[in-house]
Amino acid sequence: MEELIRLSHGDGGKYTSILINELFYKYFGNEILLKGSDSAVFSISKRKLAFSTDSFVVKPLFFPGGDIGKLAVCGTINDLSVSGAKPLYLSAGFIIEEGFSISDLSKIVRSMGQICKETGAMIITGDTKVVEKGDMDGLCINTAGIGVVENSYMPKKIKKGDRIIITGSIAEHGTAIALERYKIKASGTFASDCGPVYNIIRSLAPFYKGIKLMRDPTRGGVATALNEISASAGKGIRIYENTLPIRREVNAVCSILGLDPLYLASEGRVILVADPGMSQEILECIRSCKDGENSSIIGSFFDNGNSLVYMETEAGGRRLLNTLEFPMLPRIC
Amino acid sequence: MDNGILIKKMINEIQKSCIEKLNIMEVCGTHTQAISRSGIRSLLPPNLVLLSGPGCPVCVTDESLIDAAVEILRNDIILATFGDMVRIRGSLESISDQLHKRKNIFVLYSPLDCLELARDNPDKQVVFFAAGFETTAPGIALTVKLAYEENLHNLSFLTSLKLMPPVLHKILREKQKKIHGLICPGHVAAVMGAGYFRFVAGEYGINAAVCGFEPLDIASGLLFLTKKISSGYESAFANLYESCVSEEGNETAREIMMQVFDIADGNWRGIGEIKKSELFLNENYCSFDALKKFNIRPDKFVSDQRCNCSDVILGNIMPYECRLFGKACTPQKPAGPCMISSEGSCSAYYRYWEAGL
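Chain order of the listed sequences is A and B. Read in order, the letters of the first sequence correspond to residues 1 to 333 in my numbering. Read in order, the letters of the second sequence correspond to residues 1 to 357 in my numbering.
What the hints contain is simulated information worked out from the structure, not anything from laboratory work. Using N, Cα and C, we set each Cβ at its ideal position, and we do this for glycine too. Don't take each hint at face value.
In silico SDA-like links for lysine to any residue, alpha-carbon gap of 25 Å or less [claimed, not checked]: (1) B/Lys327 x A/Asn322; (2) B/Lys124 x A/Ala252; (3) A/Lys185 x B/Asn250; (4) A/Lys133 x B/Ser96; (5) B/Lys8 x A/Ala252; (6) A/Lys183 x B/Leu142; (7) B/Lys124 x A/Met136; (8) A/Lys59 x B/Asp76; (9) A/Lys185 x B/Leu117; (10) A/Lys183 x B/Leu117; (11) B/Lys9 x A/Arg238; (12) B/Lys8 x A/Arg318; (13) A/Lys59 x B/Gln332; (14) A/Lys183 x B/Pro122; (15) B/Lys9 x A/Asn151; (16) A/Lys59 x B/Lys124; (17) A/Lys183 x B/Leu172; (18) B/Lys327 x A/Gly236; (19) A/Lys86 x A/Ile146; (20) B/Lys333 x A/Arg219; (21) B/Lys8 x A/Ser300; (22) A/Lys183 x B/Glu116; (23) A/Lys107 x A/Lys157; (24) A/Lys183 x B/Asp113; (25) A/Lys133 x B/Asp76.
Some residues of chain A that are not near chain B, with every Cβ distance over 10 Å (derived) [as the list claims (entries may be wrong)]: (26) Val41; (27) Lys46; (28) Ser101; (29) Thr125; (30) Arg247; (31) Ser255; (32) Ser300; (33) Asn322.
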């Protein structure tokens with residue numbers, strides 16, 4: 001196979017087939033995909049379905065702990081998972097800039113295949129387009145996915161006193177990306193938390209009746225996700241700074257760069273709203289799961305007629321957490 | 001003892017010693033942000049007012065320089081700058097207004113990264129738009145020196161590098177509100193030495209403390225100042241950030257700065273010209289001056305009539321006393337520079353606003 005993507009790789013002809021056969025089939029190969037038909041045909045039992053799509057345009061394409069491919073598969077799988085669904089089938093659409101390295105593309109496709117293997121989800125249909133050099137920057141991926149809702153999970157009405165649980169340390173993805181983007185060499189371990197959350201959610205099945213909502217705090221971070229939850233519940237949220245799982249290194253890098261970890265993305269975490277009576281059991285269950293050790297109850301709902309989110313700081317003060325209005329940029333001094 | 005408990009104890013003490021109405025100014029934007037972010041502001045007694053000073057580099061960069069950056073962008077060049085600089089408006093446009101049309105704008109964290117940009121793009125002119133105070137100036141000076149030594153002819157600098165003391169002299173001389181105490185920026189003092197700020201106490205009889213940026217540092221600064229003020233002191237001075245700040249500061253950093261820059265009169269956005277308040281590339285390094293290279297003469301200072309940012313940073317009004325605050329001026333649609341940078345006092349107030357909680 002040649003080294004760089006050419007326009008001919010996207011024209012549906014000989015080179016497109018080479019790409020499909022030698023790359024996509026190699027890493028995504030499954031019975032439905034390999035039929036090579038115009039659309040994937042499959043049957044599903046008569047249950048409630050979840051359907052989600054997301055496009056990925058992250059810079060840089062490779063970062064500690066993952067790459068755009070892993071992110072694209074996890075993103076859709078996690079959106080299905082937090083809806084209480086088991087992710088089954090995915091589509092993958094690639095838009096590639098002419099001249100993109102095929103070896104980089106293979107790495108990306110391989111890590112997509114890897115996550116599918118781990119979670120049992122399958123990419124069963126896909127598309128590739130190549131655009132002229134300069135018309136875009138590198139590579140974009142869109143994934144869409146279908147899952148079946150398990151154990152009749154459904155979101156429930158949120159009440160005053162309900163607890164907010166986060167399944168692990170926050171801002172890991174956003175920090176790893178910022179370090180790459182601004183070329184900061186920092187000692188310590190920094191890696192995106194990008195990964196599937198399905199396993200944790202599945203092990204919570206016995207507690208579904210006590211789980212009122214699940215949401216993944218991706219773009220905009222925990223603070224933005226909490227604002228969305230608060231607005232839709234019509235209730236206020238109070239969180240406590242000293243219960244937030246933020247690793248020391250992450251905090252340090254954020255203060256150097258002037259970024260706020262509450263607004264940085266996590267790509268392998270879930271925020272849960274839980275009935276206060278079951279929240280401790282739920283927490284213990286999450287903590288016993290892989291990647292759930294740092295889970296924490298970070299706050300609760302209150303009702304004063306307003307939707308707002310605030311934090312009680314370590315100093316005992318209060319700080320309002322607004323929705324992120326524009327992307328954070330590193331500060332000057 | 002846990003920091004949270006210590007801070008609570010300090011706040012208790014502050015509340016006890018704060019009998020009269022006190023105005024304390026934190027000069028630096030990083031302090032403004034930390035005070036809001038840590039929730040300390042919400043804990044202070046109502047008669048202790050914290051005024052935000054002129055120490056946010058974005059807020060004091062003159063419109064004419066933003067216009068110059070936009071003008072330079074009309075050429076086929078690469079422009080690199082610090083984060084918040086892209087969002088601040090000149091007289092008409094901001095650099096971010098150009099972002100959708102161009103791909104040649106880079107946001108850097110370290111000024112040294114622009115050397116690599118210039119090396120990687122030998123056939124293009126690279127312009128680094130640098131704003132800051134004594135904190136960022138040494139790093140920029142070092143970058144200029146390295147570019148000079150490496151003969152990087154395709155790199156130049158558009159600078160807005162301000163000095164703290166001249167604007168403080170202006171505020172303390174002309175102050176419209178009585179200022180009882182000053183929290184001096186720990187990072188400027190790390191470079192220039194704690195002694196750099198002694199004049200606040202010596203010349204103006206105002207209690208002052210050099211502080212770090214952690215909630216505990218700030219609480220101890222406020223405690224020091226309120227205690228001194230309530231016991232009738234008028235010119236107490238303390239360096240409360242001794243782990244990073246010595247009396248003399250960082251001589252190496254200062255030397256590099258003075259090798260590269262001259263001090264001359266500078267234009268401060270919304271405030272106007274302040275004598276001997278800005279650093280400019282000196283004769284030896286003037287070939288790296290982007291204004292000269294692109295033959296641009298920034299228009300003389302034009303005052304921004306749309307907002308009261310200058311009154312905010314001179315300590316004359318509180319951010320929420322501006323008629324635009326939170327209405328015609330929000331972080332999403334900033335009318336003035338104080339709402340743009342995360343360090344801008346209006347933005348800090350807006351973002352961490354106590355919302356009547």
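Hints, verified against the model:
Under the criterion of a C-alpha separation no larger than 25 Å, the hint pairing lysine 327 of chain B with asparagine 322 of chain A is consistent with the structure, at around 15 Å. Between lysine 124 of chain B and alanine 252 of chain A, the direct Cα distance comes to roughly 36 Å. Violation of the 25 Å bound is thereby established for this hinted pair. About 23 Å separates the Cα atoms of lysine 185 of chain A and asparagine 250 of chain B, which keeps this hinted pair within 25 Å; it holds. The straight-line distance between the Cα atoms of lysine 133 of chain A and serine 96 of chain B is roughly 24 Å, inside the 25 Å bound, and the hint therefore holds.
Of the supplied pair hints, the one linking lysine 8 of chain B and alanine 252 of chain A holds, its CA atoms being roughly 23 Å apart against a limit of 25 Å. Note on lysine 183 of chain A and leucine 142 of chain B: the hinted pairing holds, with a Cα-Cα distance of about 18 Å set against a maximum of 25 Å. With a C-alpha separation of about 21 Å, the suggested pairing of lysine 124 of chain B with methionine 136 of chain A holds against the 25 Å cut-off. Note on lysine 59 of chain A and aspartate 76 of chain B: the hinted pairing holds, with a Cα-Cα distance of about 24 Å set against a maximum of 25 Å.
For the hint linking lysine 185 of chain A to leucine 117 of chain B, the alpha-carbon distance of about 17 Å falls within 25 Å, and the restraint holds. For a cut-off of 25 Å, the pair hint linking lysine 183 of chain A to leucine 117 of chain B stands: about 12 Å separates their Cα positions. Proposed proximity of lysine 9 of chain B and arginine 238 of chain A is supported: the alpha carbons are some 23 Å apart, at most 25 Å. Restraint check for lysine 8 of chain B and arginine 318 of chain A: the C-alpha separation of about 13 Å stays at or below 25 Å, so the hint holds.
As the CA atoms of lysine 59 of chain A and glutamine 332 of chain B are separated by approximately 23 Å, the hinted pair is consistent with the 25 Å bound. The hinted pair formed by lysine 183 of chain A and proline 122 of chain B meets the criterion: a straight-line CA distance of about 21 Å does not exceed 25 Å. The straight-line distance between the Cα atoms of lysine 9 of chain B and asparagine 151 of chain A is roughly 51 Å, outside the 25 Å bound, and the hint therefore fails. Among the hinted pairs, lysine 59 of chain A with lysine 124 of chain B is consistent with the structure: their alpha-carbon atoms are about 23 Å apart, no more than 25 Å.
Between lysine 183 of chain A and leucine 172 of chain B the alpha-carbon distance is near 40 Å, which puts this suggested pair outside the 25 Å criterion. Of the pairs offered as hints, the one joining lysine 327 of chain B and glycine 236 of chain A holds, with about 23 Å between alpha carbons and a cut-off of 25 Å not exceeded. Among the hinted pairs, lysine 86 of chain A with isoleucine 146 of chain A is consistent with the structure: their alpha-carbon atoms are about 8 Å apart, no more than 25 Å. Between lysine 333 of chain B and arginine 219 of chain A the alpha-carbon distance is near 21 Å, which keeps this suggested pair within the 25 Å criterion.
Between lysine 8 of chain B and serine 300 of chain A the CA atoms are separated by roughly 23 Å; this keeps the pair inside 25 Å, and the hint holds. Note on lysine 183 of chain A and glutamate 116 of chain B: the hinted pairing holds, with a Cα-Cα distance of about 11 Å set against a maximum of 25 Å. Restraint check: the Cα-Cα separation between lysine 107 of chain A and lysine 157 of chain A comes to about 43 Å, which exceeds 25 Å; the hinted pair is violated. Straight-line distance between C-alpha atoms of lysine 183 of chain A and aspartate 113 of chain B comes to about 8 Å, which keeps the hinted pair within the 25 Å bound.
Simply put, lysine 133 of chain A and aspartate 76 of chain B have alpha-carbon atoms about 19 Å apart, close enough for the 25 Å limit, and the pair holds. With a cut of 10 Å on Cβ distances, valine 41 of chain A stays outside the contact zone with chain B, its closest approach being about 42 Å. Remark: the non-interface label on lysine 46 of chain A is consistent with the geometry, its nearest Cβ contact in chain B lying 46 Å away (cut-off 10 Å). No beta-carbon of chain B comes within 10 Å of the beta-carbon of serine 101 of chain A; the shortest separation is about 18 Å.
Chain B leaves threonine 125 of chain A outside its interface by the beta-carbon criterion, the shortest separation being 33 Å against a cut-off of 10 Å. No beta-carbon of chain B comes within 10 Å of the beta-carbon of arginine 247 of chain A; the shortest separation is about 18 Å. Under the 10 Å C-beta cut-off, the non-interface status given to serine 255 of chain A relative to chain B is violated; the minimum distance is some 8 Å. A cut-off of 10 Å between C-beta atoms confirms that serine 300 of chain A is not in contact with chain B; the least separation is 15 Å.
With a minimum CB-CB distance of about 6 Å to chain B, asparagine 322 of chain A fails to clear the 10 Å threshold, and the non-interface call is violated.
Consistency note: the structure conflicts with the earlier hints numbered 2, 15, 17, 23, 31, 33.
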